[in-house]
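Produce the entire structure from the sequences given, and follow the hints as far as they go.
Chains as they are written, first to last, in my numbering: chain E, 1 to 175; chain D, 1 to 234.
I should point out that these hints are in silico values taken from the structure, not numbers from a laboratory.
Glycine residues also receive a C-beta, built at the ideal position from the N, C-alpha and C atoms.
Mixed in with the good hints there might be a few duds.
[Stated by the list, open to error] To give an idea of the chain E side of the interface with chain D (calculated C-beta under 8 Å), a few residues:
id, residue
1, Gln19
2, Asp37
3, Trp63
4, Val67
5, Val71
6, Ala104
7, Leu110
8, Ala123
9, Leu132
10, Val143
11, Leu162
[Stated by the list, open to error] Some residues of chain D that are not near chain E, with every Cβ distance over 12 Å (derived):
id, residue
12, Gln2
13, Leu58
14, Leu116
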Amino acid sequence: MDPPPSDHEHFLSLLESHQRPLVKVCWAYGRTSHDRDDLLQEIVGRLWVAFGKYDRSRRFSTWMFRVALNVAIDFRRRQRRWGREIASLDEGGAGVPVAATEDATKVQQLRELRELLEQQSDADRAILLLYLESHSYREIGEVLGISESNVGTRMNRLKKSLRQSVQDPSEEERE
Amino acid sequence: MQLDELQQQWQRLDQKLDQSLVLQTELVRRVIMQPVRRRINRLAIWPAMIDLVSCAGLLLLGAAFLSDHWRDWHHVAPASVVLIGAIALLVSSIRQLARGAELDWCGPVAEIQSSLERIRVAKIRQFKWIMLLAPLVGFCGLMVGLHWGVERLSDDRVNSLDKLDSWWIVANYAFGVLFVPLGYLVASVLAKRCHGHQWWEAVLDGIAGNSLKAAVLDVEHWASLQRESPSHSD
Numbered sequence: 001m002d003p004p005p006s007d008h009e010h011f012l013s014l015l016e017s018h019q020r021p022l023v024k025v026c027w028a029y030g031r032t033s034h035d036r037d038d039l040l041q042e043i044v045g046r047l048w049v050a051f052g053k054y055d056r057s058r059r060f061s062t063w064m065f066r067v068a069l070n071v072a073i074d075f076r077r078r079q080r081r082w083g084r085e086i087a088s089l090d091e092g093g094a095g096v097p098v099a100a101t102e103d104a105t106k107v108q109q110l111r112e113l114r115e116l117l118e119q120q121s122d123a124d125r126a127i128l129l130l131y132l133e134s135h136s137y138r139e140i141g142e143v144l145g146i147s148e149s150n151v152g153t154r155m156n157r158l159k160k161s162l163r164q165s166v167q168d169p170s171e172e173e174r175e
Numbered sequence: 001m002q003l004d005e006l007q008q009q010w011q012r013l014d015q016k017l018d019q020s021l022v023l024q025t026e027l028v029r030r031v032i033m034q035p036v037r038r039r040i041n042r043l044a045i046w047p048a049m050i051d052l053v054s055c056a057g058l059l060l061l062g063a064a065f066l067s068d069h070w071r072d073w074h075h076v077a078p079a080s081v082v083l084i085g086a087i088a089l090l091v092s093s094i095r096q097l098a099r100g101a102e103l104d105w106c107g108p109v110a111e112i113q114s115s116l117e118r119i120r121v122a123k124i125r126q127f128k129w130i131m132l133l134a135p136l137v138g139f140c141g142l143m144v145g146l147h148w149g150v151e152r153l154s155d156d157r158v159n160s161l162d163k164l165d166s167w168w169i170v171a172n173y174a175f176g177v178l179f180v181p182l183g184y185l186v187a188s189v190l191a192k193r194c195h196g197h198q199w200w201e202a203v204l205d206g207i208a209g210n211s212l213k214a215a216v217l218d219v220e221h222w223a224s225l226q227r228e229s230p231s232h233s234d
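Below you can see the structure in the form of structure tokens.
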């Protein structure tokens, strides 16, 4: 059974106050605007179905990220299975509406960020996304179901790989 | 690039997303007003339900046929192969449905993804064996169906096998048995050469076991994430 209609408004208000990170999850895991719309619908659908089981004494964001990331990673897995993974990034890779007057540097930076996320494994992308959303290692561990020290280890590896993969040209010259 | 630099870019994304958030709110409202559970369940459950219903049908027909012809090994052999195939598919489909039903999408990501990968491994394994055993089980099914149909249409109990060339029957059984190793070998060779045809690549990788190896590695990847690893500083 879906949660009762009386929960609609409560669910909507919680979702509205947390929709920005939700849209970012879709941005990080969907390659095209069509993918992102599909993914958002799927995530919201799962969240709504699972809302009856949500323990209101616990943080909504942790619960929401768990459902959203589980659905998003599964979405990517299903796309890979049917070879749709090779679909190119849309809108110049930025994946957000671009105005004609937009600062080219900012758009380029967003495109780079997008490509960087694409290079990560599903697990590392989830860790990076939560880190960028300013979650602590403990919170990241709670969402992913791994220990805090494990999150720390993986973050250190990510930092190293980031430095190696997108090295600043001036740093290269210095080296 | 440093992480704090990335974080700045990530925050910049907030400003950009503001332009599309109104639309997303409408989308969210539309989604929750629909009977979501039924829509999600229909997508997830129907393929397995179709497997279950076809297996149950095959089991009933096979068992009825076997009970009528259990004295004649010409009929017992193909009917047994069909029955064993149907039982194996039924067990595999029930296990997948049960695992899917147990999934709690609000659970920790590593644990849920591990379970999803295990379901994927079971699906790939099921697909591989369906493809490799299809000629053998299909021919056995044809023999059983043919005899059953001829028996129903004719007044006296005619043995349809008598009307068929015994060498043709033996050759088809032999082909069905040989197809298991040969199909595997041919798929392995073709999977390496077939590039650019996504659908064929997926099918050949499934039969050759490449998809299975990749899925097992993914299970291990999520399992290793759950395992404790020693922390070290930068």
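Inset, instruction - Report the numbers of all earlier hints that the structure fails to satisfy, in ascending order. - result: Violated: hints 6, 12, 14.
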